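Numbering (this note's numbering), first residue to last: 488 to 770.
Keep in mind that the hints were calculated from the coordinates and are not lab data.
Keep in mind it's a predicted model, so treat the numbers as computed, not measured.
Please note that a few of the clues may not be correct.
[To be verified] Below, computed lysine-lysine pairings styled on DSSO-like, alpha-carbon distance capped at 30 Å:
1. K505 to K730
2. K730 to K718
3. K665 to K537
4. K730 to K744
[Said to hold, decoys possible] Taking CB as the label site, the calculated pair distances span:
5. Q753 to T583: 31 to 39 Å
6. T675 to A560: 23 to 31 Å
7. F544 to Q753: 19 to 27 Å
8. L734 to L617: 18 to 26 Å
9. G738 to P713: 27 to 35 Å
10. Y720 to I769: 39 to 47 Å
11. G584 to G535: 37 to 45 Å
12. P758 to R570: 20 to 28 Å
13. G724 to A668: 28 to 36 Å
14. Y720 to A762: 36 to 44 Å
A virtual CB, placed ideally from N, CA and C, is assigned to each residue, including glycine.
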Amino acid sequence: MGDLGLFGPDSITWKVHKEPIVTMGGLRSLYLQALHPRAVAAIAQNSGYKADPWGRFERTSAYVGTILYGTMAEVELAASRVRRMHSQMRATDPRTGETFRIDEPELLRWVHVAEVESFLTTARRAGLELTDAEVDGYYTEQLRAAEMIGLNPGTVPGTAAEVAAYYAEIRPELAMTKESAETAFFLTVPPVPGNWGSRSLRLGLTLGPTRWAYFGIAGTALALLPPWARKMYGGLGWPTTDKSADLSVRGLRLLIKATLPAVPAQYRVAPMRQAALERVGIA
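Turn these sequences into a full structure, and let the hints guide you.
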C-alpha cells in the first residue's frame with residue numbers, strides 16, 4: 488500500500504466518512520460550536536465567513552478532506568498552516584473584555600469534540616450501523632487529528648463515555664450570546680450564490696427550490712443537536728423532536744443513495760477520497 492496518511496482503509500474513520508450524509512454533521516457542529524461564547528467570538532472577530540461563506544466552507548472542507556485522506560506530508564503541511572494562522576489571531580471575550588488567543592487548548596478542544604461528535608452522531612442517526620467498540624475506535628482515531636492542530640491527545644476525549652463526560656463538564660460555560668444568535672441565523676439563512684438562480688423577495692431574502700432544500704437541511708442539522716443545545720436555541724428538547732430528526736436524516740441518506748447511481752461516475756466519490764483509494768491500491 489501507499490502512504491495511508493493518518494487513517495487508512497481499515498480505519499473506522501474511513502468507514503464513517505464514506506457516507507455523504509456526514510457532511511450535514513459539519514453544519515450541526517457549527518451550530519454547536521456557536522454556543523461557546525469564546526469560540527463564537529473568535530470566529531466572528533477573525534473570520535470573513537459573512538463576506539465569503541461558501542469560500543470558507545470550501546477551505547474548511549479541503550482541510551478536513553486532507554486530514555482524512557491526505558498523505559502524511561499533505562496532512563502535516565495543512566495542519567502547520569492552520570496552527571501558524573491560529574497562533575497569530577486574537578479575540579476579545581464579549582463578557583469580560585479580556586483578549587485571548589484563539590489557539591487556547593480549551594477552545595481547540597471544544598471545536599474538535601463538537602466536530603467529531605457531530606460527524607459520528609449524524610452518521611449513526613442516519614442509519615450507519617456501528618458497534619460500541621467502533622464508536623470508541625472512531626473517537627480514539629480522531630485523537631490523531633486533534634494532535635495535528637496542537638492539542639495534547641491525553642487531554643482530549645477519546646471514547647463515547649469521555650465525550651459525554653466532557654459535554655456535561657463544559658455545559659455551564661456555554662451560553663446563547665448575541666454572536667451565537669447571529670451566527671446561527673447566518674447558518675440558517677446564508678447568502679445565496681449567484682448561480683442558484685433564486686428570485687428575490689422582500690427583506691433581502693431569496694427563495695427557490697435550492698433555498699427550500701437548504702432550509703430542510705439546516706432544520707434537520709438543528710434538530711440533530713442534543714436536547715440541551717436545542718433548548719439553548721429556544722427549541723424543544725422533547726424526544727419526539729429526536730425521532731423526527733432521525734426520520735429526516737435517514738430519509739436524506741436514502742435519497743442520496745438512490746440518486747448517486749444517476750450521478751456521473753467522477754462525482755460519486757469525493758476527489759480526495761478517490762485519490763486516497765487509488766494511492767492505497769483500492770480503485
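Checklist line | Enumerated hints in conflict with the structure, sorted upward | finding: 5, 6, 9, 11, 13
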